[in-house]
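Engineer: As given, the protein sequences belong to chains A and B, one line each in that order.
Using our numbering, read the first sequence as starting at 1 and increasing by one per residue.
Using our numbering, read the second sequence as starting at 1 and increasing by one per residue.
FYI, nobody ran anything at the bench for these hints, they're computed from the structure.
Some hints here could point you the wrong way.
[What the hints assert, rightly or not] Derived DMTMM-like pairs: lysine to aspartate or glutamate, alpha-carbon spacing no greater than 20 Å straight-line: (1) 384/B - 8/A; (2) 67/B - 4/A; (3) 20/B - 4/A; (4) 384/B - 399/B; (5) 11/A - 318/B; (6) 67/B - 356/B; (7) 149/B - 127/B; (8) 384/B - 408/B; (9) 20/B - 46/A; (10) 384/B - 452/B; (11) 301/B - 25/B; (12) 384/B - 360/B; (13) 351/B - 453/B; (14) 149/B - 123/B; (15) 67/B - 414/B.
Please read these numbers as outputs of a predicted model, since none were measured by experiment.
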Amino acid sequence: MDAEWSRDTQKFAVLSWITFLVAAVFTMLFFAFIDPLVIVDAIGSELFESSNAGYAIGFFFFWANGWVAGWFTLRLVRRKRSGPNAQPKTP
Amino acid sequence: MAGKIGGEYEYGKLYRSEDKVYPREVKGRFATLRHVAMFVLLGAFYGGPWLTWGGRQAILFDLPARKFYIFGMTLWPQDFVYLALLLIILAVSLFFFTAIAGRLWCGFACPQTVWTEAFTWIEAAIEGDRSKRIKLDKAPWTLDKIRKKVFKQTCWITLALFTGFSFVGYFTAVRPLAVDLVNFEANAWSVFWVFFYGFATYGNAGFMREQVCKYMCPYARFQGAMFDRDTLIITYDGERGEPRGGRRRGSDATAQGLGDCVDCTMCVQVCPTGIDIRQGLQYECIACAACIDACDTIMDKVGSPRGLIRYSTERALEHKSYRLIRPRTLVYSGILMVLLATMVTSVALRKPAIMDVMRDRNALYRDVGRMGIENSFTIRIINKQNEGHTYTLSVSGVEGIELNAPAELYIAGESVETLPVSVVVPHAHADGGNVIRFELNSIDGSDITVIEESRFRGPTENF
Chain A
1 MDAEWSRDTQ KFAVLSWITF LVAAVFTMLF FAFIDPLVIV DAIGSELFES
51 SNAGYAIGFF FFWANGWVAG WFTLRLVRRK RSGPNAQPKT P
Chain B
1 MAGKIGGEYE YGKLYRSEDK VYPREVKGRF ATLRHVAMFV LLGAFYGGPW
51 LTWGGRQAIL FDLPARKFYI FGMTLWPQDF VYLALLLIIL AVSLFFFTAI
101 AGRLWCGFAC PQTVWTEAFT WIEAAIEGDR SKRIKLDKAP WTLDKIRKKV
151 FKQTCWITLA LFTGFSFVGY FTAVRPLAVD LVNFEANAWS VFWVFFYGFA
201 TYGNAGFMRE QVCKYMCPYA RFQGAMFDRD TLIITYDGER GEPRGGRRRG
251 SDATAQGLGD CVDCTMCVQV CPTGIDIRQG LQYECIACAA CIDACDTIMD
301 KVGSPRGLIR YSTERALEHK SYRLIRPRTL VYSGILMVLL ATMVTSVALR
351 KPAIMDVMRD RNALYRDVGR MGIENSFTIR IINKQNEGHT YTLSVSGVEG
401 IELNAPAELY IAGESVETLP VSVVVPHAHA DGGNVIRFEL NSIDGSDITV
451 IEESRFRGPT ENF
């Protein structure tokens with residue numbers, strides 16, 4: 001693995017890891033107050049009928065939520081370019 | 001020679017392309033300390049789920065049952081505040097230790113470092129030392145190379161999956177889980193989490209390694225804010241080392257105008273993040289002290305005193321005195337003390353039982369004729385202790401108040417009982433809203449008292 005990551009690799013890795021950590025904290029907070037069976041009952045599918053499934057759904061929901069929000073933020077926030085490819089300022 | 005380390009600079013490129021980091025093995029005081037830390041921490045992690053306490057798994061975060069067992073203590077979701085408090089205490093401790101001793105956490109205790117250490121140890125045991133590994137990666141795919149690579153990957157994946165299994169073992173009883181996994185009968189979600197966590201371990205410790213610290217770790221980015229000029233950092237003593245340069249054994253360096261650094265580049269070769277500490281403190285430095293060990297070994301060989309690279313502080317390098325007590329350490333330790341005291345007292349005063357009083361939402365009150373005004377409540381009692389208790393429930397707060405509830409309640413250990421009760425107050429005293437107190441007392445000598453307040457509603461004159 002190259003020691004210097006490209007900017008896209010950096011973005012992907014940072015986004016995935018930070019949202020993972022945040023999702024872990026939010027899963028803990030959320031399920032301290034809410035029984036995962038509530039979620040499982042709401043989905044009502046046989047595939048997800050244990051409380052373990054409820055925790056997993058909660059965690060991946062928070063992770064996906066953070067990831068999507070972060071990805072859009074990264075895309076939409078404009079950076080001023082610098083260096084040889086810098087665009088001339090538009091009024 | 002120094003320029004050849006890392007990668008070649010290509011003209012016209014914004015970044016110097018760096019090669020894969022092949023950290024060189026190192027022996028010395030800090031390497032020993034790091035290995036001890038690795039064995040202790042990994043031992044605690046892998047051994048943790050197998051400890052038993054009072055016939056039960058000592059540390060079990062039983063998620064399906066929503067109860068946390070930590071040795072003799074059982075925590076309920078209602079005790080979440082302790083977990084939150086514990087996490088805050090851990091975060092502030094990290095601030096405190098960072099202010100005092102820099103990135104001690106990164107170098108010795110962070111799971112990323114510890115597992116990377118374990119993974120590189122396996123790698124070195126199979127593929128050989130640094131130069132052999134570089135040669136092996138450049139060599140064509142021979143049978144021997146395939147054999148070594150396959151063996152390494154097998155060991156890595158086994159360790160990663162075992163890590164995943166141990167992790168799940170903290171959340172699902174580990175002994176039945178082990179039996180179920182061996183018999184291919186384990187719960188699909190448990191298997192999923194074993195593989196998920198195993199995959200994360202492999203990715204972080206085998207594949208990404210120092211990149212996690214350089215690009216992905218939030219602490220690595222923020223820790224600079226907790227540093228000051230008295231924080232312990234790993235430093236190269238430029239005053240003593242420069243000008244660096246090679247010299248013949250036994251020649252007089254001072255006469256040649258050279259400092260103590262012989263420019264052997266050992267400090268760069270051993271660095272797991274591939275930096276040159278001689279360029280000063282860099283954010284990539286995880287303070288693992290491998291360069292200190294490497295440099296000390298060389299200094300011993302060339303006959304110069306140790307400590308050209310050493311733990312020091314910015315102020316010490318400027319020949320100023322070291323200050324342990326300074327505003328930053330006082331503030332951090334003050335916050336830490338308050339939090340610890342809060343934690344200890346709240347755990348010590350933790351109620352062995354919880355009572356929730358919920359008013360009946362359907363009707364504010366009911367007129368029950370001559371007897372008076374009646375309010376209905378649902379009482380939920382949680383016995384958090386392991387043994388069962390017998391309680392009596394009483395109510396007070398208004399003159400003539402009466403409670404319709406069983407005379408005695410038995411609630412088994414670690415269980416929740418919900419019972420509907422009604423409270424009747426004579427017409428004369430049932431006006432508007434009055435605060436009433438429900439009191440739960442154990443009558444089996446265990447001396448448990450829980451008091452909860454609620455409101456008694458009656459007809460309002462002006463309504």
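Engineer: With reference to the structure, classify each hint as holding or not holding.
Structural biologist: Now the hints, each set against the structure:
| no. | hint | verdict |
| --- | --- | --- |
| 1 | 384/B - 8/A | 51 Å, violated |
| 2 | 67/B - 4/A | 45 Å, violated |
| 3 | 20/B - 4/A | 9 Å, holds |
| 4 | 384/B - 399/B | 33 Å, violated |
| 5 | 11/A - 318/B | 39 Å, violated |
| 6 | 67/B - 356/B | 18 Å, holds |
| 7 | 149/B - 127/B | 8 Å, holds |
| 8 | 384/B - 408/B | 18 Å, holds |
| 9 | 20/B - 46/A | 47 Å, violated |
| 10 | 384/B - 452/B | 17 Å, holds |
| 11 | 301/B - 25/B | 17 Å, holds |
| 12 | 384/B - 360/B | 25 Å, violated |
| 13 | 351/B - 453/B | 16 Å, holds |
| 14 | 149/B - 123/B | 9 Å, holds |
| 15 | 67/B - 414/B | 9 Å, holds |
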